[in-house]
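Student: Listed below are the residues making up each chain.
Number of protein chains: 2
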Amino acid sequence: MSKSPGEFHLIERLLKRLGPGRRAILGPGDDCAILPPARARQLLTIDSMVEDVHFKLAWGTPEALGARALTVNLSDIAAMGGKPTVCVVNLAVRDGLGLRFFDRMYEGLRKAAARAEVEVVGGNITRAGALAITIALLGEVRGAALRRDSARPGDTIYVTGTLGDAAAGLRILSGRLRILSGRLRARAAARKFLVSRFLQPTARLKAGLALARIKPAPSAVDLSDGLWQDLGHILERSGAGAEIDAGALPLSAAYRATIGDDPALALGGGEDYELLFCLRHAVAAPALTRRLGVRVSRIGRITSSGTAVLLDERGSVRGGAPPLHGWDQLRSRLSG
Amino acid sequence: MSKSPGEFHLIERLLKRLGPGRRAILGPGDDCAILPPARARQLLTIDSMVEDVHFKLAWGTPEALGARALTVNLSDIAAMGGKPTVCVVNLAVRDGLGLRFFDRMYEGLRKAAARAEVEVVGGNITRAGALAITIALLGEVRGAALRRDSARPGDTIYVTGTLGDAAAGLRILSGRLRILSGRLRARAAARKFLVSRFLQPTARLKAGLALARIKPAPSAVDLSDGLWQDLGHILERSGAGAEIDAGALPLSAAYRATIGDDPALALGGGEDYELLFCLRHAVAAPALTRRLGVRVSRIGRITSSGTAVLLDERGSVRGGAPPLHGWDQLRSRLSG
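So the protein sequences, as listed, match chains A and B. Once you know that position 329 of the first sequence is 329 in the working numbering, the rest is easy, because the numbers rise by one and skip nothing. Position in the second sequence counted from 1, then plus 1000, gives you the working numbering.
No lab work stands behind these hints, which were simulated from the structure alone. All C-beta atoms, glycine included, are put in the ideal place defined by N, C-alpha and C. Treat the hints with care, as some may be off.
Stated by the list, open to error - Pair by pair, the computed Cβ-Cβ distance ranges are:
id, chain 1, residue 1, chain 2, residue 2, range
1, B, L1097, A, K111, 32 to 40 Å
2, B, A1188, A, G96, 36 to 44 Å
3, B, D1052, A, R23, 32 to 40 Å
4, B, G1096, A, E236, 42 to 50 Å
5, A, G175, B, F1101, 45 to 53 Å
6, B, R1039, A, D261, 49 to 57 Å
To be verified - Calculated from the model, a selection of chain A residues having no Cβ within reach of chain B, i.e. all distances over 12 Å:
id, residue
7, D31
8, R41
9, I46
10, A58
11, A79
12, N90
13, R94
14, V121
15, A145
16, R147
17, R148
18, D149
19, G154
20, A248
21, G306
What the hints assert, rightly or not - A few chain A residues that face chain B, going by a derived Cβ cut-off under 10 Å, partial list only:
id, residue
22, I77
23, G123
24, E140
25, L249
26, D261
27, A282
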C-alpha cells in the first residue's frame, strides 16, 4: 500500500525505537519479517482498537493506549496457556495527531512488549478517518493448549482477579456511572482504581502458563466480552451448560464502594482481561491463587443442561442474569 | 474486545465459510489459532485496506475487494521469495453494509486464499467509521530470502510485468485520467484492462519462488508504492544508487493507448504488485521470462552513486524523474 512522506517518517521513527531484536532473523524494514523455525506449536491471534469505538484519546495517555493495544492480544495468548513471541502492528493514523503523540504511544507499546518478552518485528502505517491500532501476535505453546471446547459436565469454574472493574471504569470515564449506581460519589481512590483497570489491564500470562501445566488441560477463555458472554463461548464450543453462584463472583472493594453489591457489571461488563477456566479435578481457590500468582475464585460448575443459569445464595435460579452479548448493549448505552 | 450480536453473527458466518483446514491444529473460534511447529524459517507481514483511502465500494465487486486484501499481503511474501501459509483477518465494519456484502467479500477472500494455498485460521471483527480489512499473513522460506539490503553496485535491475497500469486504472476509476493524458478517450478494452490491474492485481508468488532459487539471492521488493519509491527502499537499505533506462520501462499496450509514452505513471504509480529484483549475474530477459513464468524486463543497474537517476535513450540523465514518494502525491491529487 502506498505511503505518504509523513507515513514513512513515522515508520522510520518506529524502526529506530524498536531496534534489533533476538527473536527475528530480520526485523522491520523489509517486505516481511523473517523468523527462525518454530520448534513448538504456535499460536496466532489478531485484535484491534479503534478510536471512539474502544477508546477516546482524552481518557488516558498515549503510552497507556500503546500498551493496551498489545495487552488485549497478550490476553488471547494467556487464555491458550501460551507464551507470546513476536508481533506486527498496523497503525491507521488520522489527521491532527503529531509525532510526539506517536512517539509516546510507541514507547508504551515498546515497554509492554519488553515486559512480555515480545518483539515487534514489523508494521504498516496507513491513513484513515480514525486512529486504529491492529496487532497480530504470535506465541508458542509447549504443553496442551487451553481450548474453549474442552469443558465437561462436572468441571469446576474459576476466574482470576475481580470482575466488572473495567466496565465500572469505563462508566466513570464516560460520565455515566449514575445509570447503574445509586451512589453518586465514589471515593477518589476507588474511582482511580476502576479507571486504571479499564485503561491499563493486565494480561494473565503467568496464570495461563501455570494452567497449561495442569492435567487434563483446563478449558479457558479470556474475559474480554464479559463473564456471561465469554462463558457462553465455552459452553457453545463444549456443548455444555453452567451454574454460576452469584454470591461467589469476586468483586473488588472499589467496585463495591462505587457500584454496590449488584453483580450486573461483573456478569456483563467486558474488558477485564481476566481468565475464566474449568478444572476437571477441583482445587481449593487459595491453592490455585498461590499456583497462578493471582487471586482465583471458584464461581460455579459446568453442567449438561446446555444453558447457563445464575444461582442465588440459596441455590435457586436467580433472575437478572444478563442476556448473552450483554456487555456490548451496556457499552452502546455508554457511547451512544 | 467486545462484540455486538451483529458482529458475532458475522464471525459465525465467516467460520462456516472457511471450514476446517489442514494447516492449522485449531482454526477460527478460540482465543487463538494453533499452528503446528514450523520447520522452515517463517515470514510475517501485515497490511490494511481502508475504505475511501485505498478503495471505494462503488469501484468494484465485494469479491474483488476481499481477494485484493489478501493479494497485497501475498505480494509481500512473494517479494521475499516465500510461500504463504496461514493468515488472520481483522475486519472493521461500518453501518450500512449488509450480510450479503460480507458474504460476497468473504467468498472473494476464500477463493484467493485457496488459489494461494493459504488458510484463514482466525479473525476479529470490530465496529468502525469506515470499512477496513487488515490481514496478517505468515509464510515460509526454504532457500535464501530475497531482502532489500543485498543489492550491490553492478547488479542488473529487472521488473516483472508492466508498470503503471494500476495507477492508470485508478485514474480511470477516479474520473481523473485527463490530468495526465492528452488522449481523452481510450478504447474501452484498454480502460477495462487498466481498471482490472488496479482492482484485481496478481501477487507474483511463483516468480518470487523462482527468484529464491537463484544464487546469490537477488535483492527484491514488491512494487506497491511505485517503482521509483520502492527502488528507493532497496537503495537505502543497500546503501547504493541506480540508473534506470527510461526507454526500457515495460509499458502495456493499454497504457500506451490511454496514457501515451509518458513513463511518469510507470515510474511513480503504485499498486502494480509486480516485483523489482537485482541480479549479480545478468541473465537475458527472455530466459528470465521463461524461468519466472511472467514477462521480465531489464530496466537498469545498481551503482555506487547513492542516488537513482533516470537515463534517456542516449544515456543522458533525463529530467522529469518523480521525486521519492511520488505515488502518494499523485494519488492525493486523485482522491483529494
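Student: Look at each hint and say if it fits the structure.
Tutor: Each hint, compared with the structure:
1. L1097(B) to K111(A): 32 to 40 Å: Given about 37 Å between the Cβ atoms, the range holds.
2. A1188(B) to G96(A): 36 to 44 Å: 42 Å Cβ-Cβ, so the 36 to 44 Å window holds.
3. D1052(B) to R23(A): 32 to 40 Å: Roughly 36 Å apart at Cβ, these two residues keep to the hinted range, so it holds.
4. G1096(B) to E236(A): 42 to 50 Å: 29 Å, violated
5. G175(A) to F1101(B): 45 to 53 Å: 35 Å, violated
6. R1039(B) to D261(A): 49 to 57 Å: Roughly 55 Å apart at Cβ, these two residues keep to the hinted range, so it holds.
7. D31: Violated, since 4 Å does not exceed 12 Å.
8. R41: 6 Å, violated
9. I46: Given a closest Cβ separation of 4 Å, the condition is violated.
10. A58: 18 Å, holds
11. A79: Per Cβ check, A79(A) is inside 12 Å of chain B; nearest 4 Å; violated.
12. N90: 5 Å, violated
13. R94: 10 Å, violated
14. V121: Non-interface label fails for V121(A): nearest chain B Cβ at 6 Å, not farther than 12 Å.
15. A145: Nearest chain B Cβ is 5 Å from A145(A), so the label is violated.
16. R147: Label violated. Min Cβ-Cβ 6 Å, cutoff 12 Å.
17. R148: The claim is violated: R148(A) sits with its nearest Cβ about 5 Å from chain B, within 12 Å.
18. D149: 7 Å, violated
19. G154: 22 Å, holds
20. A248: Non-interface label on A248(A) holds, nearest chain B Cβ at 24 Å vs cutoff 12 Å.
21. G306: 18 Å, holds
22. I77: The hint holds - I77(A) has a Cβ within 10 Å of chain B, the shortest such distance being about 6 Å.
23. G123: 7 Å, holds
24. E140: 9 Å, holds
25. L249: Not OK, violated: L249(A) not within 10 Å of chain B, min 19 Å.
26. D261: This hint is violated: D261(A) lies away from chain B, its Cβ roughly 24 Å from the closest one there, beyond 10 Å.
27. A282: 23 Å, violated
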